[in-house]
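A.B. asks: What follows is the residue order along each chain.
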Amino acid sequence: MLEAIADGRSHELAAELMRLYAHPLEIYFVATSFRSLGAPSDIVAGFFCSRLSQPNWLVDWKARHEIDRIPLRRWLLNSLNFYLHEEHRRQQRHELPLEAVGLLPVSGVARETPERQFEREASRSIVREALERTRDACIDCGQPVHLEVFMRHFIGQEPYETLAPALGMSATQCAGMSRTVASKFRRAIGGILVRDGADPADLDREIERLMEALRE
Amino acid sequence: MTATPHNPSDAEARRLLDAARRSAPGVGESIGPYRLVEEIGRGGHSAVFRAEQLAPVRRQVAVKVLTDPAPSANVAIRFARERSVVARLRHPGIVPLIDAGEVGPPDAATPWFAMPLVDGESADRWCERVRASRAVRLRVIELAARAVAAAHAMGIVHRDLKPGNIMVAGSPADPQVHVIDFGVAKLLDPGIEGGDGLSTRVGGIVGTPEFMSPEQGNLEVDRVGPASDVYALGLVACVLLGGSIPGARSGAERSSRPMGERLRAAADRESPVISQLAADRSLRGEIDWIIAKACSREIGARYANAGALADDLARLREGQPIVAAPKDSGYAGLYALRRYRGPIAGVAVALAAIIGALAFIVSRESARAESEAARNQRLSALLETARVQLTPLTGKNRGDVVDDEKAIPLVEMMYRINVELLGTEANETQQSALVLARSYDRVDRFAEAEPLYRGLLDRAIAQGRKGDQAYLRFMLGGSLRRMGVTRAAEARQILEDALAYWQTLPNPLPATCGALLERAFVAGLEDKLDEQREFLERGIACTEATAQEGHIRRREALGFMGDFLRARGDFAAARDYYGRALAGFSPDSDLLGRRWHDSWRGELLWMDREEARKAGVEFDSAREAEFEAIVDALRKRDPTNMRLKHWAP
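Protein chains in written order, with the numbering used here: chain F, 569 to 784; chain G, 3 to 651.
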């Protein structure tokens, strides 16, 4: 992370953060009492502009992470909260109509907290991103059929025994190909989570957290 | 489906994450105290990583991880067994276990184990990269066999030996060999954890078909034992010494062949003959025999275990007689002859016994007593034994040509066997005729050499082989010249014909230089001194163009000119040529070199002594002693040496 900043790749890093977390943060924002501050996409874009323009913002996260291992997505969520408070105060100072800046009660019928909704959306986003990376990696190394087997088995839930004849292979071969892609997918997930601050030795627990966040 | 991005539902995402969770750790992740840095090998169910251990000591290790997220019982058992096997083995040629454990959630725990990182490469790649000599390649096989022997001693059969599972590091002078991957090892002792009951239960196809023994290819699990590893080591030797696996196709072709076909090929593989496989005659004899014994189709005919193979390779290395030699090859007797050739006065007796055995087999009585196939087989073995054992009797860089009268009957017998086995027209027979002719030449039996040379020359003319014609004319011309002045004219014409052909070539050949010098000697016989000098000068120029400074051919040409000038009384010029012939020449060189050295040094001393005598001054006593010593040495070697005549007071 810090290497990316030091290498002058902070734009690339910012793009990645926004690609991964903009939507989860918008979901979070809509679920909070601040939702009247503006359009979710405008608010989240404003937040990223405000924070990513501060050169030390990610460095601060890294320092904090050293102490309490806080994941980057939680840091983003906390930062967004601060930003929403700041934005709320700013709009009040500018004497905007009260109904426009007043805090709206969190819906009583909401089944999940905003944090939980954020976690769910962030998990989806991480899986999507990892899947994209896996797809690129498979195509780059000439394994589109491997990817197809993996997707049909894990997404389409087709057993290898059914898949194999259609692809002119044995079930064992299909399982082997699928394993190869599963390893790539694990690496992709691991890459995202480690950048997010996860301990590489604790990857399995982090993956379980993502799975938990996606439960009904 | 694959090209379009997919937006998975929560349930789908959970399934994907579960697949990732069950998939084994990869680069960048940590297992216990080890951080996986780089994947260095991957098989069907497991992968090996280069990893860093940071505490309590900082070091690089190799971590093997079961990467199969849903391993079958067989796969899981084999991984556990490999861990157990490696933990039991203690040998410098086997990488030890240093740590082991499991990682991941309890319902999907991934087993792993760590070993010291072997900084090496597969045996075939290492041999190729360091351009290992044959001796070094044999040493690598011997060291690998020693490591496998340690496993055999523990009741463990590797079952998947191949160059990729033999890692080599270090220099050719000190190769560090490690046998790795006991993943499909078989435990012979039922008392060992995961012993034979387990092996039987696991069953199935284990190993790499291209390196499997026939019993493995036939899936005869119960017959697989230490001798199966011996067989695989024999095939590894074929790869390292001959560059290929007997009967195997290229890598890409191999992997595309159905497993059944590859197993059948292993089951049906004939015992390899490495010298034929590599088309390298120098592998015939002991190396052929060792590999043939290791790769015998019959289990009982192989070395009993890898230790026995290593022992025979050690014997070969140390110059001891090997046990793999065929029993009827006369090897033991010939071995004794080779070893004790110098000290034994009765060499002729030993040779006579062997030649007698050969003669009997070639004889008609034997032909009646044995079937043709059996007889031919015995003859082939004997021929090979004779060829191998003749090696120390032959001169350096002269192929099979001998320069010892006592060995001539053996060379004659080899020629007769070739005629018998292959017929007079076969290339092998022609080659042995040339060897015999040159050997006759070496021991001054020119009259017997001549018909052989002429027969070979006629064949070369009939077949239009111009290069061979020139070479045979050079040989024949030299032989005729040595017969004396009566054959000089004939020799001159034949040598001129050879030189006429070589002059059409853009560059001279070493034989061209020899023919020029022979031509000079013929001119000497004919008393044409100017012509002799001219051909000597051309001969010197030719050797300067074809041989490096200090090469014996260049020295010989200079020495001949020295002789010519000395005989003409031009001592000053002769000294110059003798001096150039001797420059940087060690008297400790081989037999031929020593003879030349003594001759030229003797000539220098003789000329000094002659000049001192003519001047009426006393010759230096130390130099006189040196001269006398040289005279004695030359006389001992050859009392008919012509130099002794003109050196006589």
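Careful: at least some of the hints might be erroneous.
As the list claims (entries may be wrong) - Label-pair distances were calculated between CB atoms; the ranges are:
| # | chain 1 | residue 1 | chain 2 | residue 2 | range |
| --- | --- | --- | --- | --- | --- |
| 1 | F | D767 | G | R131 | 37 to 45 Å |
| 2 | G | R131 | F | M586 | 48 to 56 Å |
| 3 | G | A175 | F | P623 | 52 to 60 Å |
| 4 | G | V223 | F | V713 | 28 to 36 Å |
| 5 | F | E729 | G | A78 | 45 to 53 Å |
| 6 | F | V627 | G | R61 | 47 to 55 Å |
| 7 | G | H553 | F | C709 | 28 to 36 Å |
Stated by the list, open to error - The following residues of chain G were derived to be distant from chain F, with all beta-carbon distances above 10 Å:
| # | residue |
| --- | --- |
| 8 | A15 |
| 9 | R16 |
| 10 | D20 |
| 11 | E31 |
| 12 | D70 |
| 13 | L91 |
| 14 | A502 |
| 15 | D529 |
| 16 | E536 |
| 17 | A569 |
| 18 | S588 |
| 19 | D640 |
For the record, the hints were derived by calculation from the structure and aren't laboratory data. The beta carbon of each residue, even a glycine, is placed where N, CA and C say it ideally should be.
A.B. asks: Determine for every hint whether it applies to the structure shown.
C.D. replies: So, going through the hints one by one against the coordinates:
1. F:D767 to G:R131: 37 to 45 Å: 40 Å, holds
2. G:R131 to F:M586: 48 to 56 Å: With a Cβ separation near 49 Å, G:R131 and F:M586 satisfy 48 to 56 Å, so the hint holds.
3. G:A175 to F:P623: 52 to 60 Å: 57 Å, holds
4. G:V223 to F:V713: 28 to 36 Å: For F:V713 against G:V223, whose Cβ atoms are near 34 Å apart, the range 28 to 36 Å holds.
5. F:E729 to G:A78: 45 to 53 Å: 21 Å, violated
6. F:V627 to G:R61: 47 to 55 Å: 32 Å, violated
7. G:H553 to F:C709: 28 to 36 Å: 55 Å, violated
8. A15: Its Cβ does come within 10 Å of chain F, the nearest being 4 Å, so this is violated.
9. R16: Nearest chain F Cβ is 5 Å from G:R16, so the label is violated.
10. D20: Non-interface label fails for G:D20: nearest chain F Cβ at 7 Å, not farther than 10 Å.
11. E31: Check fails; 5 Å does not lie beyond 10 Å.
12. D70: 6 Å, violated
13. L91: 29 Å, holds
14. A502: 62 Å, holds
15. D529: Non-interface label stands for G:D529: nearest chain F Cβ at 81 Å, farther than 10 Å.
16. E536: 71 Å, holds
17. A569: Answer for G:A569: holds, closest chain F Cβ roughly 79 Å.
18. S588: 60 Å, holds
19. D640: 73 Å, holds
Of the numbered hints given earlier, the model fails hints 5, 6, 7, 8, 9, 10, 11, 12; all others are met.
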